[in-house]
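**Q** Sequence:
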Amino acid sequence: MNTDPIADYLTRVRNAIKANHRIVEIPSSNIKKEITKVLYDKGYIQSYKFEDSAVQGTIKIALKYNPNTKQSAIVKIDRVSKPGLRKYAGSENLPRVLNGLGIAILSTSKGVMTEKEASTLKIGGEVLCYVY
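Heads up: the sequence shown is residues 1043 to 1174, going by this note's numbering.
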């Protein structure tokens, strides 16, 4: 039993990047699917596929690398809100990651989105992770 599935998701992606893997398989859940969609929409991953063959299902993520330098699109991916200490941000004080170059992924009442989308909708939520 894993106590923090989102941290496990981020760690699997981080380890796959450090090992220069092209594809990483992650056990599926609804919030992990939404985080994957946000990472794909913002261009941090190349593609993804949801496989619901098993009871839980898996997410296959194709990581994105620069063809010339072999550098990953994701430089750093950090968990912010943990089960022991939740971090929330209101609509007026949403976090800026790397002065706007990175993204913060939030879980809001309207679903999982970036801090820029949440600020246009003027809603706050739980800060899940920072990606840059």
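Since the hints were made in silico from the structure, they are not lab data.
Positions of the beta carbon are idealized from the N, C-alpha and C atoms, including for glycine.
Certain hints may be false.
As the list claims (entries may be wrong) - Simulated DEER-style distance windows between Cβ atoms: (1) THR1053 / LYS1091: 26 to 34 Å; (2) ILE1165 / LYS1079: 40 to 48 Å; (3) SER1095 / GLU1168: 27 to 35 Å; (4) SER1151 / TYR1082: 19 to 27 Å; (5) ASN1057 / LYS1091: 31 to 39 Å; (6) ILE1065 / VAL1117: 16 to 24 Å; (7) GLN1098 / LEU1143: 28 to 36 Å.
Claimed, not checked - Straight line, CA to CA, 30 Å or less: simulated BS3-like cross-link-like pairs of lysine-lysine: (8) LYS1112 / LYS1084; (9) LYS1112 / LYS1164; (10) LYS1152 / LYS1164; (11) LYS1129 / LYS1112.
**Q** Now, for every hint given, state plainly whether the structure supports it.
**A** Results of checking the hints against the structure:
Checked against the hint of 26 to 34 Å, the C-beta distance between THR1053 and LYS1091 comes to roughly 20 Å, which is inconsistent with it. Distance hint for ILE1165 and LYS1079: a CB-CB separation of about 18 Å, inconsistent with the stated range 40 to 48 Å. Our hint of 27 to 35 Å for SER1095 and GLU1168 holds, since their Cβ atoms are close to 31 Å apart. The beta-carbon spacing between SER1151 and TYR1082, approximately 22 Å, falls within the hinted interval of 19 to 27 Å.
Separated by about 20 Å at the C-beta atoms, ASN1057 and LYS1091 break the suggested range of 31 to 39 Å. A C-beta distance of roughly 20 Å is found between ILE1065 and VAL1117, which places it inside the suggested range of 16 to 24 Å. Distance hint for GLN1098 and LEU1143: a CB-CB separation of about 35 Å, consistent with the stated range 28 to 36 Å. A hinted pair counts as satisfied when its Cα atoms are at most 30 Å apart, and LYS1112 with LYS1084 qualifies at roughly 19 Å.
Restraint check for LYS1112 and LYS1164: the C-alpha separation of about 38 Å exceeds 30 Å, so the hint is violated. With a CA separation close to 11 Å, the supplied pair LYS1152 and LYS1164 stays within the 30 Å bound. Proposed proximity of LYS1129 and LYS1112 is contradicted: the alpha carbons are some 34 Å apart, above 30 Å.
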